[in-house]
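Given next are the chains, with one letter for each unit.
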Amino acid sequence: MATQQTQLLARTLLTPAVALLFIWMIVPLALTIYFATLHYNLLDPGSESFVGLENFRYFLTDPAFLASLQNTLVLVGSVLAITIILGVPLALLLDQQVVGLSIVRLMVIAPFFVMPTVSALVWKNLLMHPVSGLFAWIAHLFGLPAIDWFNDAPLFSVILIISWQWLPFATLILLTALQSLDEEQKEAAEMDGASAISTFIYITLPHLARPITVVILIETIFLLTVFAEIFVTTGGGPGLQTTNIAFLIYSQALIQYDVGSASAGGLVAVVLANIVAFFLVRIVGRNLEA
Amino acid sequence: MGQITLQGVQKSFGPVHIIKGADLDIADGSFVVFVGPSGCGKTTLLRLIAGLEDVTGGAILIDGRNVVDVPPAKRGLSMVFQSYALYPHMSVRGNIAFGLKMAGIARDEINRKVESAAATLNLTPYLDRKPRELSGGQRQLVAIGRAIVREPKAFLFDEPLSNLDAALRVQMRLEVTRLQKQLGTTAIYVTHDQVEAMTMADKIVVLNGGKIEQYGSPLELYEKPANLFVAGFIGSPKMNFVTGDLARQQGATTIGVRPEHLKVERDGQGGWHGTVSVAEHLGSDTFLYVDAGPQGMLTARYIGELDLHPGDKVSLIPDPARIHRFDDSGKSIHA
Numbered sequence: 001m002a003t004q005q006t007q008l009l010a011r012t013l014l015t016p017a018v019a020l021l022f023i024w025m026i027v028p029l030a031l032t033i034y035f036a037t038l039h040y041n042l043l044d045p046g047s048e049s050f051v052g053l054e055n056f057r058y059f060l061t062d063p064a065f066l067a068s069l070q071n072t073l074v075l076v077g078s079v080l081a082i083t084i085i086l087g088v089p090l091a092l093l094l095d096q097q098v099v100g101l102s103i104v105r106l107m108v109i110a111p112f113f114v115m116p117t118v119s120a121l122v123w124k125n126l127l128m129h130p131v132s133g134l135f136a137w138i139a140h141l142f143g144l145p146a147i148d149w150f151n152d153a154p155l156f157s158v159i160l161i162i163s164w165q166w167l168p169f170a171t172l173i174l175l176t177a178l179q180s181l182d183e184e185q186k187e188a189a190e191m192d193g194a195s196a197i198s199t200f201i202y203i204t205l206p207h208l209a210r211p212i213t214v215v216i217l218i219e220t221i222f223l224l225t226v227f228a229e230i231f232v233t234t235g236g237g238p239g240l241q242t243t244n245i246a247f248l249i250y251s252q253a254l255i256q257y258d259v260g261s262a263s264a265g266g267l268v269a270v271v272l273a274n275i276v277a278f279f280l281v282r283i284v285g286r287n288l289e290a
Numbered sequence: 001m002g003q004i005t006l007q008g009v010q011k012s013f014g015p016v017h018i019i020k021g022a023d024l025d026i027a028d029g030s031f032v033v034f035v036g037p038s039g040c041g042k043t044t045l046l047r048l049i050a051g052l053e054d055v056t057g058g059a060i061l062i063d064g065r066n067v068v069d070v071p072p073a074k075r076g077l078s079m080v081f082q083s084y085a086l087y088p089h090m091s092v093r094g095n096i097a098f099g100l101k102m103a104g105i106a107r108d109e110i111n112r113k114v115e116s117a118a119a120t121l122n123l124t125p126y127l128d129r130k131p132r133e134l135s136g137g138q139r140q141l142v143a144i145g146r147a148i149v150r151e152p153k154a155f156l157f158d159e160p161l162s163n164l165d166a167a168l169r170v171q172m173r174l175e176v177t178r179l180q181k182q183l184g185t186t187a188i189y190v191t192h193d194q195v196e197a198m199t200m201a202d203k204i205v206v207l208n209g210g211k212i213e214q215y216g217s218p219l220e221l222y223e224k225p226a227n228l229f230v231a232g233f234i235g236s237p238k239m240n241f242v243t244g245d246l247a248r249q250q251g252a253t254t255i256g257v258r259p260e261h262l263k264v265e266r267d268g269q270g271g272w273h274g275t276v277s278v279a280e281h282l283g284s285d286t287f288l289y290v291d292a293g294p295q296g297m298l299t300a301r302y303i304g305e306l307d308l309h310p311g312d313k314v315s316l317i318p319d320p321a322r323i324h325r326f327d328d329s330g331k332s333i334h335a
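From first to last, the protein sequence lines are chains P and U. Taking my numbering, the leading residue of the first sequence gets 1, the next gets one more, and so forth. Taking my numbering, the leading residue of the second sequence gets 1, the next gets one more, and so forth.
Quick caveat, the hints were computed from the structure, so don't treat them as lab data. Cβ coordinates follow ideal geometry from the N, Cα and C atoms, glycine included. Among the hints, erroneous ones may be present.
As the list claims (entries may be wrong) - Incomplete in silico selection of chain P near chain U, CB under 7 Å: (1) Asp62; (2) Pro63; (3) Ala67; (4) Ala146; (5) Asp148; (6) Gln185; (7) Glu187; (8) Glu190; (9) Met191; (10) Ala194.
Claimed, not checked - Not the full set, but computed from the structure, chain P residues with beta-carbon under 10 Å of chain U: (11) Glu48; (12) Phe50; (13) Asp192.
Said to hold, decoys possible - In silico lysine-lysine, PhoX-like type, Cα no more than 25 Å apart, as pairs: (14) Lys331(U) - Lys238(U); (15) Lys224(U) - Lys211(U); (16) Lys20(U) - Lys181(U); (17) Lys113(U) - Lys186(P); (18) Lys331(U) - Lys211(U); (19) Lys153(U) - Lys113(U); (20) Lys186(P) - Lys224(U); (21) Lys20(U) - Lys331(U); (22) Lys331(U) - Lys224(U); (23) Lys203(U) - Lys238(U); (24) Lys74(U) - Lys186(P); (25) Lys113(U) - Lys130(U); (26) Lys186(P) - Lys211(U); (27) Lys153(U) - Lys186(P); (28) Lys203(U) - Lys224(U).
Looking at chain P on its own, in the form it has when it is part of the complex (with noise of 0.2 Å):
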């Protein structure tokens, strides 16, 4: 029913909306760019002046932002494995019928509605807390020092965290596309001769690497941009060694209040994420075509 009429009727009541988000989008990129080439420093106001690429240069060369790059990937790729290795079992055992079932469905799915900083102090202060931690006194019944986890193994401790937030929603995503594997194929390879393990790796996991390409691509999305989490619990230390890209951008702008070197880093960023994203298509995004 496109008509010239109704075609330009439709053009006509989408412009507004189309306009808004373009103007939403464009400002915030194109003060960003516009920062990144001067020298402008919140200490130091009055004194902006156009610098070129120095910002840029400043950012990329600063030893802080491979060691937070490395962290970022590290990060990601650590989240991105536990949520999907513990995932797949933890799927498989929901999608049983089991007693009870509903209630621990919505207990396994729990940590995912928790806000970020919320849980994130929780695990701080009450589970990984040298001191008053409930993993400090599950140590101590066996006779064990405490582990202090952010001095000792800060990364990975923030890893933790965030696959405990996270390996629901994997979780969750996986179960759904359990639930829709049909009952018949299983029959069909029980019909076969197939084993339990055979039918895991030749119908179950198949089947399942749609979604598992889904729970990658949003995860990792969201993972490259983890903030809260490492500003409540570390604070991007000891030294670097919790600092990931968003924590790095965030402490040149608002610890050393260098507004021009956060702007270059975040297009840094931008571009680094679309890197990720290519590449992540490339590689999982076949398994996305019908």
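Could you slot chain U onto chain P? The hints should help.
Relative to the frame of chain P, chain U by itself:
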């Protein structure tokens, strides 16, 4: 060899008895169809034979060996599912080969068997395609290919043609029958479609409410139904049943006459009088739905075209040799 015997097979899901004791002897190489209305237990019975459900009681013998505790794959049967249940991420070749691969057969041997099965079913050009790239009929063939490649003692078909359109169903019906005769393998076929049952079967098992009502060849069931249920279920349109005085004169509680055994006469003298309420003209046949007063609504089938219209008076004369008589309990009375 593929001789299957059921001895008092029972199945309950909790308090619900689905199969209330089934006894059956299926000869090697025969094509047996389980037919019955929805919920009669025909699919459950097939799944019990396959091993996908555990029996509650009784024994299932395959070639004389009780297999109730044998897992499905070790029973030497293969099944064609209603939804085909093809493995969507595997090619046609992978689908057909899967059972052989699981059995640990050498790759050369698998390839040879898969290719010979594909040739039998004219699937060779499609071997490297995925199931989603095939039509409904081709998918069905792949599912059959997966069944025949394992050279089973018997095929189990669970309403395999119900997802196909009418024309393709007729074609696949012939194909399955031809294949079964060619391979000479025992087949058990579940359907709710009595035309499929009548055309494909060597022997039909009519099931109702978890019980076997009758077991016999298609024509036996048509000509000598054991009871009211079988009489009403086999044959289309349904048999006419008349109770009351007319039946009592014949020494029965109920008498049944098939529509094709009622002779239709315009304003005739004998037989049962009535008024045509609906006339269906198919060209090859004419179906008349006649309001016959005390006998109720009767259906008559006339071979060829009969120029009758609603409101016309007719008389229906039953063929005396083709009247079925049933007693109080619904059982057939044989003279």
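Going down the list of hints, with the structure as the test:
no.: 1; hint: Asp62; result: violated (47 Å)
no.: 2; hint: Pro63; result: violated (46 Å)
no.: 3; hint: Ala67; result: violated (41 Å)
no.: 4; hint: Ala146; result: violated (49 Å)
no.: 5; hint: Asp148; result: violated (48 Å)
no.: 6; hint: Gln185; result: holds (5 Å)
no.: 7; hint: Glu187; result: holds (5 Å)
no.: 8; hint: Glu190; result: holds (5 Å)
no.: 9; hint: Met191; result: holds (5 Å)
no.: 10; hint: Ala194; result: holds (5 Å)
no.: 11; hint: Glu48; result: violated (58 Å)
no.: 12; hint: Phe50; result: violated (57 Å)
no.: 13; hint: Asp192; result: holds (4 Å)
no.: 14; hint: Lys331(U) - Lys238(U); result: holds (17 Å)
no.: 15; hint: Lys224(U) - Lys211(U); result: holds (18 Å)
no.: 16; hint: Lys20(U) - Lys181(U); result: violated (32 Å)
no.: 17; hint: Lys113(U) - Lys186(P); result: holds (23 Å)
no.: 18; hint: Lys331(U) - Lys211(U); result: holds (15 Å)
no.: 19; hint: Lys153(U) - Lys113(U); result: holds (17 Å)
no.: 20; hint: Lys186(P) - Lys224(U); result: violated (42 Å)
no.: 21; hint: Lys20(U) - Lys331(U); result: holds (19 Å)
no.: 22; hint: Lys331(U) - Lys224(U); result: holds (11 Å)
no.: 23; hint: Lys203(U) - Lys238(U); result: holds (21 Å)
no.: 24; hint: Lys74(U) - Lys186(P); result: holds (16 Å)
no.: 25; hint: Lys113(U) - Lys130(U); result: holds (19 Å)
no.: 26; hint: Lys186(P) - Lys211(U); result: violated (29 Å)
no.: 27; hint: Lys153(U) - Lys186(P); result: holds (22 Å)
no.: 28; hint: Lys203(U) - Lys224(U); result: holds (14 Å)
Hints 1, 2, 3, 4, 5, 11, 12, 16, 20 and 26 from the earlier list are contradicted by this structure; the remaining hints agree with it.
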